[in-house]
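Participant: These protein sequence lines are chains A and B, in that order.
Residues in the first sequence are numbered from 2 upward in steps of one, following my numbering.
Residues in the second sequence are numbered from 408 upward in steps of one, following my numbering.
Some clues are possibly wrong.
Stated by the list, open to error - Quick list of the computed label-pair ranges, beta carbon to beta carbon:
#1 B/ASP493 x A/LYS13: 27 to 37 Å
#2 B/ARG517 x A/ASN37: 54 to 64 Å
#3 B/SER524 x A/GLU183: 24 to 34 Å
#4 A/GLU183 x B/GLU547: 22 to 32 Å
#5 B/ASP523 x A/SER35: 47 to 57 Å
Please keep in mind that the hints were generated in silico from the structure rather than gathered at the bench.
Positions of the beta carbon are idealized from the N, C-alpha and C atoms, including for glycine.
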Amino acid sequence: MIDASDVFEAFKPHRGDAIVSTTGTAGRYWNDFSENERRDVSLGGAMGQTTSAALGLALGLPDEKIVLFDAEGSLLMNLGAIASIAGMKPANFYHILLDNECYATTGGQPVPNAQGIDYAMMAKGAGYAATYSFDDLEELSTSMGEIMDETGPVFVSIKVNPEVQNLPIGLRERRPSRGRAETIDTLREELGIS
Amino acid sequence: MVHQQAAILRPETMVAEFKKNGVTHVVTIPDSETNYLYELMEEQDWLEVVPVSREGEAWGTAFGLNVAGKVPVVLVQNTGMLESGDSIRGMAIDAGFPLVMVIGYRGWTRRGVIADSVARYTEPFLNAFGINYYLVEQNEDGERISTAFEESRATSRPVAILVGDEYHGFNR
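My request is simple: use the sequences and hints to build the entire structure.
Facilitator: Right under this line is the structure:
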């Protein structure tokens with residue numbers, strides 16, 4: 002298992018100009034590492050649908066690399082999306098799954114078959130152009146450059162340590178973050194989309 | 408017979424309305440009533456068809472396309488619209504962008520009793536979500552499609568076109 006923050010540290014040098022979106026509990030740490038928040042976009046809003054929104058973004062911006070840090074609980078709610086993504090073959094899409102084997106935000110209950118699912122194998126079977134699987138930080142770090150040079154759609158499954166939230170919602174630490182609409186407006190401005 | 412043929416909603420009408428309104432992508436799951444429309448859309452070099460695995464995906468995918476500056480349409484059957492409730496809420500209504508949703512109105516009829524429960528729930532569902540809609544049954548209704556596009560652009564909200572199934576026009 003790898004800390005989610007270490008995943009982002011490993012990814013950061015290889016980001017380039019990629020547009021980055023995150024979902025799930027672990028994804029919130031990306032804000033601590035991003036050095037280009039104008040290209041960070043929030044696409045969440047319905048259970049499991051960030052994956053599909055990222056696909057739409059990749060199809061609409063074929064000249065931009067789109068990186069989605071997904072979560073396994075989210076992906077399981079919209080698993081057919083991997084077939085949809087593979088079918089459209091977006092060469093610019095990098096689908097990175099942070100698999101903490103649980104619903105960390107609701108107290109750490111395990112997702113179905115939490116330790117028994119090989120998500121990279123599922124993505125490979127669905128037809129992604131390249132798939133990877135990691136549970137060792139050093140291997141991940143040395144492979145990240147190669148991953149970002151691949152032609153997509155690429156799927157990367159990473160086992161991460163859960164950071165379980167047990168406090169009532171109102172008592173949890175509030176991390177500063179921009180709202181969805183603000184991130185979209187900024188991204189469009191950055192890309193010259195009216 | 409002649410009257411019935413004249414009443415058909417031709418797939419060409421729908422595609423022409425898409426082109427007139429600048430549609431770039433149709434996010435869809437095919438159904439039995441729209442097969443010829445699907446084939447016709449695939450033939451258009453200005454239009455990309457995006458098949459999804461389950462209707463709930465369609466709204467998120469359309470949202471992402473909108474963020475990218477594209478003009479998506481969602482084309483699904485009413486059964487799939489019901490399946491999509493939370494996605495419609497979060498990725499279409501709350502996202503606040505113009506989106507025309509073309510909904511196959513399975514089970515709808517002007518004659519007799521509506522036996523298919525999905526037809527009975529379709530309009531109440533749209534009303535519950537506050538989504539305005541236009542019934543389109545035949546070619547003469549084609550202007551209503553542009554009306555829906557204009558309304559969605561003016562309100563930055565989803566607007567539905569309910570495609571009446573009575574004449575099975577899409578099957579020719």
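Participant: Each of the hints needs a verdict: does it hold here or not?
Facilitator: Structure-based check of each hint:
1. Checked against the hint of 27 to 37 Å, the pair B/ASP493 and A/LYS13 passes, with Cβ atoms roughly 33 Å apart.
2. With their beta carbons about 56 Å apart, B/ARG517 and A/ASN37 fall inside the hinted range of 54 to 64 Å.
3. A hinted range of 24 to 34 Å is violated for the C-beta pair B/SER524 and A/GLU183, which are about 42 Å apart.
4. A hinted range of 22 to 32 Å for the beta carbons of A/GLU183 and B/GLU547 is inconsistent with their spacing of about 44 Å.
5. Checking the proposed 47 to 57 Å range against B/ASP523 and A/SER35 shows it holds: the Cβ atoms sit about 50 Å from each other.
In summary, the numbered hints that this structure violates are 3 and 4.
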